[in-house]
Amino acid sequence: MLSVYIDGGANDRHLALTLSELITGSVEGLVKSVVLIDRGMTDDTRSIADQCGCRVISPHELEVTIVADRAEWLLWLEEGSRPTAGWTSEIIDHIGNGNGPSGGPQAARFRPSKRDRSGFLSSLMRRRSALTDGLLLKKAQAIGLIRQRGKQPLAELAKGLAAKRLNVELRPASAAG
1 MLSVYIDGGA NDRHLALTLS ELITGSVEGL VKSVVLIDRG MTDDTRSIAD QCGCRVISPH
61 ELEVTIVADR AEWLLWLEEG SRPTAGWTSE IIDHIGNGNG PSGGPQAARF RPSKRDRSGF
121 LSSLMRRRSA LTDGLLLKKA QAIGLIRQRG KQPLAELAKG LAAKRLNVEL RPASAAG
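All the letters of the sequence shown, read from the start, carry residue numbers 1 to 177 under this note's numbering.
Treat the hints as calculated values from the structure; they're not laboratory data.
Watch out, some of these pointers could steer you wrong.
Stated by the list, open to error - Cut-off 16 Å, straight-line C-alpha distance, at most; resulting in silico cross-link-like pairs (EDC-like, lysine to aspartate or glutamate):
1) Lys138 to Glu63
2) Lys164 to Glu90
3) Lys138 to Glu72
To be verified - Here are the in silico distance ranges between beta carbons for each label pair:
4) Ser174 to Gly40: 15 to 23 Å
5) Asp44 to Ile23: 14 to 22 Å
6) Ser58 to Gly86: 31 to 39 Å
7) Gly96 to Thr42: 33 to 41 Å
8) Gln148 to Arg13: 29 to 37 Å
9) Arg165 to Thr24: 18 to 26 Å
Fair warning: this is a prediction, and the values are worked out from it, not measured in the lab.
Even glycine gets a Cβ: it sits at the ideal position worked out from N, Cα and C.
Start from the sequences, fold in the hints, and give me the full structure.
This is how it looks when you write it as structure tokens:
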């Protein structure tokens, strides 16, 4: 039903945390594939990706990979972020509902994790990534973003994109330690 895309870096612990949470989605038939965009991956992160059956691509292959992807929906996550319990059923419900401008489902983001929310002042001082809350979007929308904005990191592509809030939380990469 969907493919997960992650900008892969050098943090093998963060990658392992994210991939371990995606197993539920794979077992339930929601996650069909996981694609890592190599943005400085090490031998260790490549080994983890290989052991988990992930596909690793270069940033230049992103558009071609998404165009060829069989999934209609894509989930973009930061390395180290983790969806909380119930995330698969919430995404399945969202995909099945027609609530977007053209009657179909619209892009969506997870709710920020209550457990990991920072105080008011520190939240004003800290710059959040456009993928801190993940992004669920249709393949066609992702292709449009890449063609419009180029082969940037996923967080840059996701900037300014309007999205509905899902009724499930995502633990941010910053909470992975």
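We went through each hint and held it up to the structure:
1. For the given pair, Lys138 sits about 14 Å from Glu63 by alpha-carbon distance, which is consistent with the 16 Å threshold.
2. Distance hint between Lys164 and Glu90 is fulfilled; the C-alpha atoms sit about 12 Å from each other, no more than 16 Å.
3. Between Lys138 and Glu72 the alpha-carbon distance is near 6 Å, which keeps this suggested pair within the 16 Å criterion.
4. Evaluation of the 15 to 23 Å hint for Ser174 and Gly40 yields a pass: the beta carbon distance comes to about 18 Å.
5. Under the hint 14 to 22 Å, the C-beta atoms of Asp44 and Ile23, about 20 Å apart, fit the expected range.
6. A C-beta distance of roughly 34 Å is found between Ser58 and Gly86, which places it inside the suggested range of 31 to 39 Å.
7. A beta carbon spacing of about 39 Å between Gly96 and Thr42 agrees with the range 33 to 41 Å that was offered as a hint.
8. The beta-carbon spacing between Gln148 and Arg13, approximately 34 Å, falls within the hinted interval of 29 to 37 Å.
9. As the Cβ distance of Arg165 to Thr24 is approximately 21 Å, the hint placing it in 18 to 26 Å holds.
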